[in-house]
Amino acid sequence: MLGLAFLCVCLGGGRIALQAQEFKLFDRMVQVHGFASQGFVYTNDNNWLTMNTSQGSAAWTDFGLNMSSEVTDRLRIGAQGYNRNLGQLGQYHPSLDWAFADYRFKSWFGLRGGKVKTTLGLYNDTQDLDFLRPFALLPQSVYPIDLRDATIAHLGGDVYGTISLKHRFGDLSYTAYAGHRNDSIYSGYPFYLGSFGGHITSFGGLQYGADLRWNAPLKALLFGASRVNEDITSRGTAINPFNPWAGLVPYAEASKADWTNQFYGEYTVGRLRIDSEYRRYWRNQQLFGGTSESLADVRGWYVSGAFRISKRLQVGSYYSHYTITNVVSGALSAVYPSTTDTGLPADHDYDKVITGRVDLNRFWNVKIEGHFMNGYGSGPYPNGFYTQVNPQGFKPNTNALVVKTGINF
Amino acid sequence: MKCPKILLAGAGLMILAALNARAVDVKLIANSSVKADRISPDEIKRVFLRQKNSLADGSHVEPVLEKDGPSHEAFLKMYMGRTDDDLQTYYRALVFTGRGSMPKALDSDAEMVAYVARTRGAIGYISAETSSEGVKTLAVAYAGESAQRTLITRIEPEYPETLRRLNIGGTVRLRVTISAKGNIEDVQLLGGNPILGESAISAVKRWIYAPSHSRTVAEVSIPFDTSH
Chain F
1 MLGLAFLCVC LGGGRIALQA QEFKLFDRMV QVHGFASQGF VYTNDNNWLT
51 MNTSQGSAAW TDFGLNMSSE VTDRLRIGAQ GYNRNLGQLG QYHPSLDWAF
101 ADYRFKSWFG LRGGKVKTTL GLYNDTQDLD FLRPFALLPQ SVYPIDLRDA
151 TIAHLGGDVY GTISLKHRFG DLSYTAYAGH RNDSIYSGYP FYLGSFGGHI
201 TSFGGLQYGA DLRWNAPLKA LLFGASRVNE DITSRGTAIN PFNPWAGLVP
251 YAEASKADWT NQFYGEYTVG RLRIDSEYRR YWRNQQLFGG TSESLADVRG
301 WYVSGAFRIS KRLQVGSYYS HYTITNVVSG ALSAVYPSTT DTGLPADHDY
351 DKVITGRVDL NRFWNVKIEG HFMNGYGSGP YPNGFYTQVN PQGFKPNTNA
401 LVVKTGINF
Chain V
1 MKCPKILLAG AGLMILAALN ARAVDVKLIA NSSVKADRIS PDEIKRVFLR
51 QKNSLADGSH VEPVLEKDGP SHEAFLKMYM GRTDDDLQTY YRALVFTGRG
101 SMPKALDSDA EMVAYVARTR GAIGYISAET SSEGVKTLAV AYAGESAQRT
151 LITRIEPEYP ETLRRLNIGG TVRLRVTISA KGNIEDVQLL GGNPILGESA
201 ISAVKRWIYA PSHSRTVAEV SIPFDTSH
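Residue numbers (my numbering), protein chains in the order written: chain F, 1 to 409; chain V, 1 to 228.
Hints were generated in silico from the structure; no laboratory data involved. Treat the hints with care, as some may be off.
[Stated by the list, open to error] Take a look, some chain V residues computed to stay more than 10 Å from chain F by CB distance:
hint	residue
1	Ser54
2	Asp86
3	Val95
4	Met102
5	Val187
6	Gly191
[Unchecked claim] Only pairs whose alpha carbons sit at most 27 Å apart, straight line, appear in this in silico DSS-like list of lysine-lysine:
hint	chain 1	residue 1	chain 2	residue 2
7	V	Lys67	F	Lys219
8	V	Lys205	V	Lys181
9	V	Lys104	F	Lys311
10	F	Lys24	V	Lys181
11	F	Lys106	V	Lys205
12	V	Lys77	F	Lys166
13	V	Lys181	F	Lys106
14	V	Lys77	F	Lys311
15	V	Lys35	F	Lys166
Quick caveat, the model's predicted, so the values are computed rather than measured. From the three backbone atoms N, C-alpha and C, an ideal C-beta is built for every residue, glycine too.
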């Protein structure tokens with residue numbers, strides 16, 4: 001129903017010029033902006049992203065609305081609500097996407113406090129905003145849409161700024177942050193644990209990190225690096241893996257060492273934009289109260305190019321490379337063997353993508369995208385393919401047609 | 001035989017038109033609350049990218065854009081180095097992550113002047129030919145320019161199409177002699193591609209500086225970026 005409502009809004013949007021709203025409150029301007037998108041995915045094999053895509057699925061809707069105002073020359077406040085449904089994920093449970101106060105002392109030093117989008121690589125904080133780029137889906141090796149909640153925001157504070165380097169060496173922008181991350185129980189990893197009979201009731205913990213990016217003197221050339229450390233705990237119940245007939249037992253997993261390193265570069269020349277990123281996620285978890293340990297090494301990288309043919313038309317392509325290994329020790333190793341061969345389809349996902357984007361007007365776009373995937377990287381940390389929606393088992397290759405339309409104002 | 005002559009004449013006219021075509025020149029304007037009289041290109045870029053909301057003298061500034069049109073195009077080319085689509089995408093990323101607001105966008109130079117005149121801290125741009133009555137005109141302080149002189153009118157040099165197509169660019173360095181009245185008396189090429197140098201000299205000769213007590217000599221660097 002929401003998809004249909006969205007379509008109506010879009011069809012109306014062609015005739016009605018959507019506009020950001022502005023009004024005065026206590027003599028200060030308040031801006032209101034919003035966005036919404038609707039996607040459709042069809043795959044030849046394997047159901048993808050928790051949707052029934054082999055039959056064609058439009059269970060992919062999201063929307064957000066924000067308000068912000070400059071209270072003083074240096075102080076900004078604002079908040080954004082966000083809601084999504086992606087197959088079995090999100091399920092239209094609304095969330096506070098960000099809500100913070102931002103005080104900028106100088107261009108080289110500012111503070112943000114509240115719920116803040118996490119700066120990680122080129123696109124982590126803007127990954128929901130597909131109207132900013134030609135692709136319907138970001139490279140899933142680095143920005144898995146099903147695991148969005150794992151990195152999207154933290155409740156805490158940032159320090160940030162931009163420093164001009166002398167002798168025309170460009171600018172350095174930095175962000176450092178610390179806070180509490182709280183994953184939705186309707187996100188990818190809790191859903192994945194459901195395939196083992198797990199039911200997660202809470203998932204989150206401390207996260208802190210930093211991002212440093214260098215705007216080189218050569219115009220539109222950027223290099224950067226990000227690092228996040230996490231101390232995450234999840235709790236709930238699970239089927240006893242050693243005695244499945246014994247019923248549910250308390251389940252807990254906690255970070256022993258969780259970190260992510262990301263390196264990236266971006267270059268724009270005329271109508272061509274090229275970017276590339278590498279992410280390594282080291283995930284060392286203690287399971288079932290420390291009786292077992294899992295050490296997953298998740299690596300992803302991509303190279304992407306996009307070209308603007310005209311004001312209304314963009315085309316793009318990327319190659320996305322994902323691998324995962326997992327070493328299990330302790331009692332669970334008898335039930336779940338280690339997986340270290342990234343040549344197996346279960347331990348990788350290589351995705352070749354082509355896309356085209358048409359801007360029907362300034363506020364409304366339509367995208368058509370083809371994905372040609374080898375591998376399904378199904379565990380022990382998910383990457384788009386889940387056993388619950390593929391009960392017949394996985395096939396090694398998946399081709400996908402993605403059509404997405406979105407509005408923003 | 002008539003056809004080639006007509007074609008040649010047509011091509012000649014087109015070349016003449018191209019030679020006479022001149023990009024719109026823009027000037028920076030600000031509300032009277034802005035204390036500064038000068039602004040550097042780097043500051044302009046940072047202010048309009050919302051990385052900076054005050055100038056070196058502490059004046060609060062708020063960027064204002066035109067929605068489209070020749071002044072807007074010229075401003076983007078001269079100071080921002082990005083297309084309107086890229087700039088809008090940049091602003092949307094700020095707006096939807098909460099890191100900045102969308103600048104006010106206006107329809108014309110006249111609207112821009114009126115808005116800047118009545119809005120504290122507003123900074124915008126208009127065509128160099130448009131009257132800036134009621135607002136302050138900011139001089140753009142380029143690197144290498146004499147600190148004593150204020151540039152009022154800057155004409156951008158033409159980039160010869162053949163050189164652009166061949167990816168021949170670089171920076172041209174000029175020594176400029178400015179009269180006390182502010183006119184350019186002499187321009188000498190110090191370095192850079194000679195063809196680009198000719199184009200740069202032709203433009204710089206039309207620059208106008210603010211009057212001063214005496215004649216001054218300044219060194220000016222003009223980049224020719226093959227990507228734009």
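Verification of the supplied hints:
no., hint, result
1, Ser54, "7 Å, violated"
2, Asp86, "7 Å, violated"
3, Val95, "5 Å, violated"
4, Met102, "6 Å, violated"
5, Val187, "24 Å, holds"
6, Gly191, "16 Å, holds"
7, V:Lys67 <-> F:Lys219, "24 Å, holds"
8, V:Lys205 <-> V:Lys181, "14 Å, holds"
9, V:Lys104 <-> F:Lys311, "22 Å, holds"
10, F:Lys24 <-> V:Lys181, "47 Å, violated"
11, F:Lys106 <-> V:Lys205, "38 Å, violated"
12, V:Lys77 <-> F:Lys166, "24 Å, holds"
13, V:Lys181 <-> F:Lys106, "38 Å, violated"
14, V:Lys77 <-> F:Lys311, "17 Å, holds"
15, V:Lys35 <-> F:Lys166, "26 Å, holds"
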